[in-house]
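Using our numbering, count along the sequence shown one by one with no gaps and you end on 160.
What the hints contain is simulated information worked out from the structure, not anything from laboratory work.
Be careful, since some hints might not be right.
Cβ-Cβ distance ranges computed for the label pairs, FRET-style [said to hold, decoys possible]: (1) Thr158 - Ala39: 34 to 42 Å; (2) Gly71 - Val49: 14 to 22 Å; (3) Gln6 - Met62: 22 to 30 Å; (4) Ala45 - Asp110: 46 to 54 Å; (5) Gln63 - Arg16: 32 to 40 Å; (6) Asp110 - Ala39: 14 to 22 Å; (7) Gly71 - Phe125: 13 to 21 Å; (8) Tyr48 - Glu99: 38 to 46 Å; (9) Arg130 - Leu54: 30 to 38 Å.
We treat Cβ as the ideally placed atom computed from N, Cα and C, and that holds for glycine.
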Amino acid sequence: MAQAGLSFQEISRRADALIPQGKIMFTVGNLDYLRAGGRIGALKYVITKTLSVRPLITMQDGDIKSGGLGIGIHGAMKKVVGNVADYFSRTDFRMEDYSFVVGYGADRTLGEKIRELFYKAFPDWKRELPMKQITEVSAVHTGPSTVGFGFLKKTEV
Numbered sequence: 004m005a006q007a008g009l010s011f012q013e014i015s016r017r018a019d020a021l022i023p024q025g026k027i028m029f030t031v032g033n034l035d036y037l038r039a040g041g042r043i044g045a046l047k048y049v050i051t052k053t054l055s056v057r058p059l060i061t062m063q064d065g066d067i068k069s070g071g072l073g074i075g076i077h078g079a080m081k082k083v084v085g086n087v088a089d090y091f092s093r094t095d096f097r098m099e100d101y102s103f104v105v106g107y108g109a110d111r112t113l114g115e116k117i118r119e120l121f122y123k124a125f126p127d128w129k130r131e132l133p134m135k136q137i138t139e140v141s142a143v144h145t146g147p148s149t150v151g152f153g154f155l156k157k158t159e160v
């Protein structure tokens with residue numbers, strides 16, 4: 004946008020307008036970081052860790068919400084992909100109008116696995132699904148085995 008000659012104020016206004024059009028859906032392979040950060044209580048931590056339950060987390064408009072639960076990291080990744088499908092099936096939005104990215108923590112293979120699950124769930128998807136490592140600021144709260152998707156509505160400059 005800056006290259007198109009827009010002012011800082013206009014770029015800021017447009018960026019703010021994009022916030023409601025973006026979403027992040029992910030899971031974590033390890034609950035230790037959520038526990039240490041006070042995001043889950045001791046009892047929930049013990050129960051979910053014992054049963055290998057992994058939370059599905061959704062972030063939209065800056066709010067973090069539960070997206071459900073999955074059993075083990077692989078089951079949780081499948082459910083994250085299912086949550087993406089559910090989101091687009093229950094709204095008027097079209098996936099083609101969005102840019103997607105796979106986000107992963109320290110383990111790139113988790114990103115590759117969830118990307119494979121995405122391609123299987125959406126066989127008509129023709130675009131490359133890029134992968135990016137999440138920032139340390141995010142990983143410090145969610146842990147190194149975080150994996151999921153971010154998507155944002157495409158916009159014109």
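Here's how the hints hold up against the structure:
no.	hint	result
1	Thr158 - Ala39: 34 to 42 Å	37 Å, holds
2	Gly71 - Val49: 14 to 22 Å	20 Å, holds
3	Gln6 - Met62: 22 to 30 Å	29 Å, holds
4	Ala45 - Asp110: 46 to 54 Å	26 Å, violated
5	Gln63 - Arg16: 32 to 40 Å	20 Å, violated
6	Asp110 - Ala39: 14 to 22 Å	19 Å, holds
7	Gly71 - Phe125: 13 to 21 Å	19 Å, holds
8	Tyr48 - Glu99: 38 to 46 Å	40 Å, holds
9	Arg130 - Leu54: 30 to 38 Å	37 Å, holds
This entry does not satisfy hints 4 and 5, going by the numbered hints stated previously.
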